[in-house]
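Participant: Below are the chains, spelled out letter by letter.
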Amino acid sequence: MNAPIDPLEAKGTLEYVRDLMQRTRTTVEDSWRALVRIGLWQFLGLIGIFVIVRWDLDPKYANWTWHALFVVTVLPGILLGRSRRKPPTDLDRRRSIALLVFVLVAGAVLFLIPDDEGAMWFTGDGLLLYVPVFVGCLCILDGLFFGKTAIALGAWVIGAAVAGRFMPLEVRLLWMAFAFGGTLTAVGFVLRRRLRTPEATTS
Amino acid sequence: VTDAGAPLPNLDETLHARARLGIMTLLVQWGKGDFPTLKKFLDLTDGNLGAHIRVLDEAGYVTVDKTFAGRKPKTTVKVTAAGRKAFQAYLAELQRLIELAGDKP
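Protein chains in written order, with the numbering used here: chain A, 1 to 203; chain B, 1 to 105.
Rather than coming from a laboratory, the hints here were simulated on the basis of the structure. By construction, the Cβ of each residue, glycine as well, lies at the ideal position given by its N, Cα and C atoms. Keep in mind that the hints are not guaranteed to be accurate.
Partial chain A-side listing against chain B, Cβ under 7 Å, derived [claimed, not checked]: (1) A10; (2) K11; (3) G12; (4) T13; (5) V17; (6) Q22; (7) I158; (8) V162; (9) M167.
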């Protein structure tokens, strides 16, 4: 249990540990910064949706608001995120999936909440496309940091929304409810399966 | 203690290997880490890293969780309370040795 060592070696070993600690500490901080940024974009996006809908802004303004939010919050984030090429940890991946699920749930809830007159908020043709495309873009942007699962999810959400554009309204609403509800169910199922998978024999 | 190369009473040999010390340093920072990330940061081969993790596992310093991500096997290594304690004790002992030698750590 005891190891021979001289003071010089001890000093070198201590320096090695300190250097490694410094590098890993930076990585953890970077991951947190990326997560905070992603959370912030999504929060701002949801505020944007709320403002547009609550005060019944003209779709033209809605369009501008969304694009402004995108440029102001997302572009600097992409540039910063891409300049840090350090791998995210497993924990970060799980947190990002949790964020994606949150955004999808929030999007789904916004579809279902009625306004003062009892009508659903998102009945306009343009807004029916805005929300899922925006959420899908956020998923893809998450994928820049956390891998291709998030990119595939974002692409599917956008694809489903664009496909719905060519359907009659009643069919479209049903399609979107099933497509996004199905996506949520699938994400939940995958997460549950991952948590319960049997032990592997190799690394 | 004063002779160079003489055994020290409390220096843990399990942690003394550079690779194992590196693994513990990362895990103490992160709580846990997956196999590819540890490999990348420590610049070790699969076999080498696996062997060192096994030694740490046998000493009770880490736990190893093997799962599948889809069809891909995935190994996650987590530091235990005993592992953290041993790591801190090892660093303290190194510091003590340097101080005994009259050097500044």
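Participant: Run every hint past the structure and note whether it holds.
Facilitator: Status of the hints after comparison with the structure:
1. A10: 5 Å, holds
2. K11: 6 Å, holds
3. G12: Because about 10 Å separates A/G12 from the closest Cβ in chain B, which is outside the 7 Å limit, the hint is violated.
4. T13: 6 Å, holds
5. V17: At 5 Å from the nearest chain B Cβ, A/V17 passes the 7 Å test, so the hint holds.
6. Q22: 10 Å, violated
7. I158: 23 Å, violated
8. V162: Constraint on A/V162 not satisfied, violated at 27 Å.
9. M167: The hint is violated - A/M167 has no Cβ within 7 Å of chain B, the shortest such distance being about 32 Å.
This entry does not satisfy hints 3, 6, 7, 8, 9, going by the numbered hints stated previously.
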